[in-house]
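Visitor: The sequence shown runs 0 to 243 under numbering that gives the first Met the number 0.
These are computed hints drawn from the structure, not numbers from a lab.
Fair warning: there could be bad hints in the mix.
[Unchecked claim] For lysine-lysine, the following DSBU-like pairs were computed, each having C-alpha atoms within a straight-line distance of at most 30 Å:
hint : residue 1 : residue 2
1    : LYS34     : LYS219
2    : LYS29     : LYS219
3    : LYS218    : LYS29
4    : LYS218    : LYS34
5    : LYS219    : LYS97
6    : LYS97     : LYS8
7    : LYS29     : LYS211
8    : LYS97     : LYS34
9    : LYS211    : LYS34
[What the hints assert, rightly or not] Distance windows between CB atoms, simulated:
hint : residue 1 : residue 2 : range
10   : SER28     : LEU110    : 27 to 35 Å
11   : PHE6      : ASP163    : 31 to 39 Å
12   : LEU102    : PHE36     : 21 to 29 Å
13   : GLU171    : LYS29     : 45 to 53 Å
Where a beta carbon is used, it is the ideal one built from N, C-alpha and C, also for glycine.
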Amino acid sequence: MLLSPDFFKSSFEVTCFLLFIVCFFHSYSKYGFQKTFREFLAGFILSAGCENLGVLSGAYVYPGFHFYVFEIPLVNPLSWIALVYLVMEITNRLFPLKNRRFLLYVIIVSLIDSTLALSVDLMMDPLATIYNWWIWVPVDQAYITEDIVNPYNFDLITHMTTPDNPISIYFENIFSENRYPTRLFGIPLINFIAWFVFVFVFSIQFRWIESKISWSHYKKLTYLLLLILIEIPILGITLITPNI
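Given only the sequences and the hints, what does the whole structure look like? Please build it.
Guide: Structure representation (structure tokens):
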């Protein structure tokens with residue numbers, strides 16, 4: 000069947016890969032390789048790191064994709080940084096810096112970036128949960144029925160359950176009874192809060208570092224990656240912990 004759940008799943012992955020490629024080459028043609036490399040590498044690491052923490056904590060799983068980065072689909076960090084690049088390009092064009100006070104400008108446009116990204120996320124995430132591409136509930140509560148939601152590779156244990164790891168042990172008391180009770184479109188509210196925070200933090204620090212005209216490519220890259228590596232455990236744990 001052409002319009003089967005499996006077809007939509009594969010189409011989603013292919014589309015995300017293509018979106019990443021288009022955004023990467025647009026950035027490369029406009030800003031050059033070095034700035035493109037800094038932005039896309041840092042965004043990929045931040046998204047992949049925090050998402051993997053989410054899976055390892057036991058908060059959710061991503062079963063049935065074709066390509067993974069540890070416990071998450073490869074398309075997740077690729078599409079995240081592509082989306083962030085797009086919204087930052089929109090705000091750059093709508094609100095050029097000119098002679099505005101830089102700090103205030105960066106804060107405002109980063110808030111706009113976060114709002115735009117969140118508006119897209121509000122449309123995408125319900126699709127992922129409806130088709131069990133992204134499961135926030137224990138496995139025995141997931142709605143997986145042949146011919147209604149194609150189980151893809153749900154028969155394989157990999158990526159269907161949380162692997163045994165120290166992070167899940169740390170969080171086990173948080174998720175022991177009622178996992179994220181406050182829902183919006185069937186998705187925990189904390190997910191949308193996290194999206195807003197991640198984009199805001201990434202946007203504001205990337206814009207700040209890129210404003211350092213006198214810094215070399217390697218200095219900018221070093222500072223950016225150090226900030227990202229510090230933020231992954233801080234943001235991940237801070238935004239996973241509130242069981243609201």
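Visitor: Would you mind marking each hint as holding or not holding in the structure?
Guide: Tested hints:
Annotation: proposed proximity of LYS34 to LYS219 holds, straight-line Cα distance about 9 Å (limit 30 Å). Taking the CA atoms of LYS29 and LYS219, the gap is near 18 Å; set against the 30 Å cutoff, the hint holds. Restraint check for LYS218 and LYS29: satisfied, since their Cα atoms lie roughly 21 Å apart, inside the 30 Å limit. With a CA separation close to 12 Å, the supplied pair LYS218 and LYS34 stays within the 30 Å bound.
Our distance criterion of 30 Å between C-alpha atoms is met by LYS219 and LYS97, whose separation comes to about 23 Å. Of the pairs offered as hints, the one joining LYS97 and LYS8 is violated, with about 43 Å between alpha carbons and a cut-off of 30 Å exceeded. Distance hint between LYS29 and LYS211 is fulfilled; the C-alpha atoms sit about 19 Å from each other, no more than 30 Å. The suggested pairing of LYS97 with LYS34 holds, with an alpha-carbon distance near 21 Å, which does not exceed 30 Å.
Note on LYS211 and LYS34: the hinted pairing holds, with a Cα-Cα distance of about 12 Å set against a maximum of 30 Å. A beta carbon spacing of about 28 Å between SER28 and LEU110 agrees with the range 27 to 35 Å that was offered as a hint. In this structure the supplied range 31 to 39 Å holds for PHE6 paired with ASP163, their Cβ-Cβ distance being about 34 Å. Between LEU102 and PHE36 the CB atoms are about 26 Å apart, so this pair conforms to the stated range of 21 to 29 Å.
Checked against the hint of 45 to 53 Å, the C-beta distance between GLU171 and LYS29 comes to roughly 47 Å, which is consistent with it.
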